[in-house]
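Engineer: Sequence:
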Amino acid sequence: MTNSVRKFRVRALWMLMRPKQLVKNLLVFAAPLATGEFTDLATIFQLLCGFVIFCLLSSTTYIMNDINDRHADLLHPGKKQRPIASGQITVGMSLVLTGYLLSIAFALSFLIPPQASVFALAYLLSTTLYTFVFKEVPYFEMILLSFGFVLRATYGSLIANLAPSRLFILCIFCGSLFVVAEKRLAEKRRFSSKEWWPRKVLYRYQLEHLLSLSISSGLLFIITYAGWTVLGTNGNQDLDIWRLASVLPIGFAVLRFHKLAFQDKNDAPEEILLSNKLTLASCGVWLTLNILAVLT
Numbered sequence: 001m002t003n004s005v006r007k008f009r010v011r012a013l014w015m016l017m018r019p020k021q022l023v024k025n026l027l028v029f030a031a032p033l034a035t036g037e038f039t040d041l042a043t044i045f046q047l048l049c050g051f052v053i054f055c056l057l058s059s060t061t062y063i064m065n066d067i068n069d070r071h072a073d074l075l076h077p078g079k080k081q082r083p084i085a086s087g088q089i090t091v092g093m094s095l096v097l098t099g100y101l102l103s104i105a106f107a108l109s110f111l112i113p114p115q116a117s118v119f120a121l122a123y124l125l126s127t128t129l130y131t132f133v134f135k136e137v138p139y140f141e142m143i144l145l146s147f148g149f150v151l152r153a154t155y156g157s158l159i160a161n162l163a164p165s166r167l168f169i170l171c172i173f174c175g176s177l178f179v180v181a182e183k184r185l186a187e188k189r190r191f192s193s194k195e196w197w198p199r200k201v202l203y204r205y206q207l208e209h210l211l212s213l214s215i216s217s218g219l220l221f222i223i224t225y226a227g228w229t230v231l232g233t234n235g236n237q238d239l240d241i242w243r244l245a246s247v248l249p250i251g252f253a254v255l256r257f258h259k260l261a262f263q264d265k266n267d268a269p270e271e272i273l274l275s276n277k278l279t280l281a282s283c284g285v286w287l288t289l290n291i292l293a294v295l296t
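For the sequence shown, this note's numbering gives the first residue as 1, with consecutive numbering after it.
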């Protein structure tokens, strides 16, 4: 095998792991950062290990999903370029890679609290069930995907020995459901005039129902987040002006995301969060206000 072929294959394997999607696993740090429990070096080390573990597990589930969807992906204008669908990587090589990723994740799991590892296993189980069982069940498939984000946040909380509030968990769920609903809405709008669907489940969705779900879940996200800032990160009644002020940029980000997702012709609106300057700026303001809330 020549060096050029080897580099091409390594790059294809890297793309198979969907590195852009791994940013979702930053939710592992959400609760520790929000509560200011991110100063102990041992905790930081364990959280970094937990982040790597979730990256490995999520990449594994993406690979299994690509194997399962390889024939349908060939019909999609963008997904047909994925390594397995395009033939750059064989199914056998993909399965070998998943074995390596799971082995590394298992080895790293001994460095974090056992109770947290239970949630990592729950994530692996829920995403596997999504790929092979519930992917074509309307609405429940969105709930299952949103549940994966809740597991990420809870996982990080347990590593830092924290008990996340119910409002915090509900906030994560509503925000995740909002993003997933926006994605389904974008896919439904883009492919409504086609004779085929990139997801079979889209055929069973109605545009008006998806729009109602995206708006309601987005509003619930803002409301639950505002409630969480008022009640305090640990369930007490101490009002932090910096954290309360962070409701404004997060609300702006939600409203702008919905507007841009509605206007954009892309069926992956979550990419807006990483490409639009105003949404990035609002997220930066939100992060700054929360840092001030922790430091003051």
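I should point out that these hints are in silico values taken from the structure, not numbers from a laboratory.
Just to be clear, a hint being listed does not mean it is correct.
To be verified - When the alpha-carbon atoms are kept at most 20 Å apart in a straight line, the in silico EDC-like pairs for lysine to aspartate or glutamate are as follows: (1) K183 x D73; (2) K183 x D240; (3) K24 x E141; (4) K188 x D73; (5) K188 x E141; (6) K79 x D40; (7) K188 x D240; (8) K135 x D40; (9) K7 x D69; (10) K188 x E208; (11) K200 x D40; (12) K80 x D69; (13) K183 x D40; (14) K79 x D69; (15) K79 x E136.
Engineer: Each hint needs a verdict: does it hold in this structure or not?
Structural biologist: Evaluated hints:
1. K183 x D73: 17 Å, holds
2. K183 x D240: Violated. K183 to D240 sits at ~34 Å, over the 20 Å cutoff.
3. K24 x E141: Holds - the C-alpha atoms of E141 and K24 are around 18 Å apart, at most 20 Å.
4. K188 x D73: Holds - the C-alpha atoms of D73 and K188 are around 16 Å apart, at most 20 Å.
5. K188 x E141: Roughly 15 Å separates the two Cα atoms, so the pair holds.
6. K79 x D40: 42 Å, violated
7. K188 x D240: 41 Å, violated
8. K135 x D40: 40 Å, violated
9. K7 x D69: Violated - the C-alpha atoms of D69 and K7 are around 25 Å apart, more than 20 Å.
10. K188 x E208: Roughly 11 Å between the alpha carbons, so the hint for K188 and E208 holds.
11. K200 x D40: Since the Cα atoms of K200 and D40 sit roughly 47 Å apart, the hinted pair is violated (cutoff 20 Å).
12. K80 x D69: This hinted pair holds, its Cα atoms lying about 10 Å apart.
13. K183 x D40: 38 Å, violated
14. K79 x D69: 10 Å, holds
15. K79 x E136: Since the Cα atoms of K79 and E136 sit roughly 18 Å apart, the hinted pair holds (cutoff 20 Å).
Hint compliance for this structure: hints 2, 6, 7, 8, 9, 11 and 13 are broken, all remaining hints hold.
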